[in-house]
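S.K.: Residue numbers (full-length UniProt numbering), protein chains in the order written: chain Z, 1 to 272; chain L, 1 to 259.
Hints were generated in silico from the structure; no laboratory data involved. Beta carbons are placed, not taken as given, at the ideal position from N, Cα and C, and that holds for glycine. Some hints here could point you the wrong way.
What the hints assert, rightly or not - Beta-carbon label-pair distances, calculated as ranges:
#1 Z:Lys7 x L:Gly138: 51 to 61 angstroms
#2 Z:Ser4 x L:Gly138: 55 to 65 angstroms
#3 Z:Thr257 x L:Thr141: 20 to 30 angstroms
#4 Z:Tyr252 x L:Met143: 10 to 20 angstroms
#5 Z:Pro179 x L:Gly47: 29 to 39 angstroms
#6 L:Met143 x Z:Gly122: 32 to 42 angstroms
#7 Z:Ile54 x L:Thr141: 55 to 65 angstroms
#8 L:Gly228 x Z:Ser85: 47 to 57 angstroms
#9 Z:Ala153 x L:Thr141: 22 to 32 angstroms
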Amino acid sequence: MAMSKRKRARVVRGVQYGILVAVILVVALTANWTKIRTTFFDLEVAGDMFPEVITVGLFNTVVYTALGFGFGLGLALVLALMRLSVVRVNRWIAGIYIEFFRGLPALLVILAVGTGIPLAFGTFLDKYVALMIALGIVASAYMAETLRAGIQAVPRGQVEAARSLGMSPGRTMVTIVIPQAFKIILPPLTNELILLTKDSSLALFLGASVSEYELTQFGRVALNESRSLTPVLVAGICYLIITIPLSYLSRYLERRTGGRKLGTPESTEVKA
Amino acid sequence: MSTAAETPGLAVDIAGLHKSFGPVEVLRGIDMQVKRGEVVCIIGPSGSGKSTLLRCVNLLEEPTAGSVVVNEVELTDPDVDIDAARTKIGMVFQSFNLFSHLNVLNNITVAQIKVLKRGKAEAERTALANLERVGLTGRGTAMPSELSGGQQQRVAIARALSMNPDVMLFDEPTSALDPELVGDVLAVMRRLADEGMTMLVVTHEMQFAREVADRVLFMDGGVIVEEGLSEEVIGDPQEERTRAFLSRVLNPVHVNGPD
Ligand SMILES: Nc1ncnc2c1ncn2[C@@H]1O[C@H](COP(=O)(O)OP(=O)(O)O)[C@@H](O)[C@H]1O
Ligand SMILES: [Mg+2]
Chain Z
1 MAMSKRKRAR
11 VVRGVQYGIL
21 VAVILVVALT
31 ANWTKIRTTF
41 FDLEVAGDMF
51 PEVITVGLFN
61 TVVYTALGFG
71 FGLGLALVLA
81 LMRLSVVRVN
91 RWIAGIYIEF
101 FRGLPALLVI
111 LAVGTGIPLA
121 FGTFLDKYVA
131 LMIALGIVAS
141 AYMAETLRAG
151 IQAVPRGQVE
161 AARSLGMSPG
171 RTMVTIVIPQ
181 AFKIILPPLT
191 NELILLTKDS
201 SLALFLGASV
211 SEYELTQFGR
221 VALNESRSLT
231 PVLVAGICYL
241 IITIPLSYLS
251 RYLERRTGGR
261 KLGTPESTEV
271 KA
Chain L
1 MSTAAETPGL
11 AVDIAGLHKS
21 FGPVEVLRGI
31 DMQVKRGEVV
41 CIIGPSGSGK
51 STLLRCVNLL
61 EEPTAGSVVV
71 NEVELTDPDV
81 DIDAARTKIG
91 MVFQSFNLFS
101 HLNVLNNITV
111 AQIKVLKRGK
121 AEAERTALAN
131 LERVGLTGRG
141 TAMPSELSGG
151 QQQRVAIARA
161 LSMNPDVMLF
171 DEPTSALDPE
181 LVGDVLAVMR
191 RLADEGMTML
201 VVTHEMQFAR
211 EVADRVLFMD
221 GGVIVEEGLS
231 EEVIGDPQEE
241 RTRAFLSRVL
251 NPVHVNGPD
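With the rest of the complex left out, here is chain Z (with noise of 0.2 angstroms):
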C-alpha cells in the first residue's frame, strides 16, 4: 500500500493521460467532420473575407484602439497628477471620475459618447473621433489608477537628487518621475491595451458605413451573408494576433523589470 510520493504522482500523470486520449478518440469517432468543417471553417466564405478583413476589420480595430489608448493615456496622466495634487478639489474630482467611469459599461460609455453627443450638441461626431473619445474615457480611469500607482512607485531619493540639483517639482515631474513610472507600469499598461483592443468590438453598436467596420462587425456582416460561423473564427483569429503577441510582450516586459506588483488589481491580469 505504501506507495512512494514520486510513484503516485506518475499514477496521477498516467491517468489524466488516458483519460484525455479516451476523450479524443470519442469525439474523433463521433463526430461529423465535415459538417463541423464547413460550420465552422469553410475555405470558400474564408477566402471571400480577404483581403478586407486586414485591410479594413484589422485596420480599423487597430486604429480605434490606438486612438483610445493614446487619447486615455494622455487623460489618465492628467488624472494622476491631480489623484497626487497637494490641491484637496482636484484629488476629488479625480477620484469621482475614476470611481464613475471604472464602475460603468463600456458599452453605455461608447452610446453616450457616440449618440449622446451629436443628440446634445446637435453636431455630426466623426466616427473616428466618437470611438477615440469613449474607449479613452474607459482606459483612462483605469490607466489613471495604474500611473498613479507607478508614480508613488518611484523612489524618493529619486525625487529628492533631483529636487538638490535645483530641479522645479514640475521639472522633476516630467524629467525624472514620470519616465520611471512609465517603465514601472508597462506591463500593466500592455494588458490595458489588450483589454481596450477587446473593448473596440463595441463600436459595432455606434452604426458605420462599410469602410469604418472594425473586426467584429465585419465578421457580423460576413456571417449573415454566408451562413457558416467562418467569419467569426476568422475575425476572432485576427484578435489573437494583435492580443497573444501582446501579452507575450506584457509578460517579458515584467520579467524584465523584476515583476514589480503595483496595487491595481483592476488593470492586471490575474496570475494563476
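The hints should help you fit chain L with the ligands onto chain Z, whose structure is shown.
M.R.: Just chain L with the ligands, lined up with the frame of chain Z:
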C-alpha cells in the same frame, strides 16, 4: 538672525535651527558656521539628527525655526528662489540616487541642460571632465545598474560637481558601500578637499574626518555637543558623550578596526 546674512566669508551660517517631525523635535537649536574652503565633518550616533541637519542646509527639509544662510543667501526667506539656490549646493546621498533611467552621461548632463540651460555640447564637456575627475573616464554610456556602488557614488559626485556648486554636502557617502570600495570614494573626496571645495560631510569614517576635516562637530540628541579642530574632537574629546561614542566607533566589537 538676519545679521548672519551680512557676514562675509561664510559658506554656511546656521542660527537657532529647530526641526520637528510632528511632535518629535529632531533638531533642538543648532548654531554653526562653515567658512569658505573649510571641510567640516559631522559625527554622532544614529538618529542624532545629522542627516536632518544636512538636509536643512539645502532645504530638502524645511526648518521649523531658525535661519539657514548659504553664500549670503538666506534660504529660509520664503521669497528666495530655492531651486536657483540649490544649484549652488551639491548633495551626495548615502544611497547614490542616480537617475535609474538615464545613463551615466545623461545623469550628469540632465540638470545642466534643463536647469542651468547649458547647451548639450557644453554640458557633455563638463560631464566628461568631471567623470575624469572621479576616475571614471569612458563609463559615460553605462547605466547606473551596471556600476558598482563605489562607481555609482563617484558618478553622483561628478553629477553634483558639474553644477559648479559653492558647497558640497555629503550624507554618509560610503555607508552603503562594500568595504573595499570605500577607499575610492574617500580618495575623490580628499582630492576635492585639497582643491579647496567647501564641504560638509556626515560620516562614520573617523580616519577621514581626522585627516581631511578642518573641524569636527559631534551631534547627539539634536544638538551639537562638541565641536573643534578635528584632532581635538577625535583625539582628545572633552565631553563624556563624545568619548563614549568615539570609543564605540574606534573600538568596534569585530576584529578589524576601521582602516
Ligand atoms: N521624514 C521624517 N519623518 C519623521 N521622522 C523623521 C524623518 N526623518 C528623520 N526622522 C527622525 O529624526 C531623527 C533623526 O534622524 P536623522 O537626521 O536621519 O539622524 P541621523 O542621520 O543622525 O541618523 C530620527 O529619530 C528619525 O527617525
Ligand atoms: Mg543619517
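S.K.: Given the range 32 to 42 angstroms, decide if the beta-carbon distance of L:Met143 to Z:Gly122 lies inside it.
M.R.: With Cβ atoms ~55 angstroms apart, the hint is violated.
S.K.: For Z:Ser4 and L:Gly138, compare the CB-CB distance with the range 55 to 65 angstroms and indicate the outcome.
M.R.: Between Z:Ser4 and L:Gly138, where Cβ atoms are some 59 angstroms apart, the hint holds.
S.K.: For the range 51 to 61 angstroms, tell me whether the beta carbons of Z:Lys7 and L:Gly138 fit it or not.
M.R.: Cβ of Z:Lys7 to Cβ of L:Gly138: about 60 angstroms, so the range 51 to 61 angstroms holds.
S.K.: Confirm or reject the claim that Z:Thr257 and L:Thr141 have a C-beta distance inside 20 to 30 angstroms.
M.R.: holds (21 angstroms)
S.K.: Is 22 to 32 angstroms a correct range for the gap between the Cβ atoms of Z:Ala153 and L:Thr141?
M.R.: With Cβ atoms ~26 angstroms apart, the hint holds.
S.K.: Are Z:Pro179 and L:Gly47 spaced within 29 to 39 angstroms by their CB atoms?
M.R.: holds (35 angstroms)
S.K.: Just to be sure I understand the hint, the distance between the Cβ atoms of L:Gly228 and Z:Ser85 should be within 47 to 57 angstroms; is that true here?
M.R.: The hinted range 47 to 57 angstroms holds for L:Gly228 and Z:Ser85, with Cβ atoms some 48 angstroms apart.
S.K.: The hint says 55 to 65 angstroms between Z:Ile54 and L:Thr141; measuring C-beta to C-beta, is that right?
M.R.: Cβ of Z:Ile54 to Cβ of L:Thr141: about 41 angstroms, so the range 55 to 65 angstroms is violated.
S.K.: Using the beta carbons of Z:Tyr252 and L:Met143, state whether their distance is inside 10 to 20 angstroms or not.
M.R.: Taking Cβ atoms as reference, Z:Tyr252 and L:Met143 lie about 19 angstroms apart, which means the hint holds.
Comparing the model with each earlier hint shows violations of hints 6 and 7; every other hint is respected.
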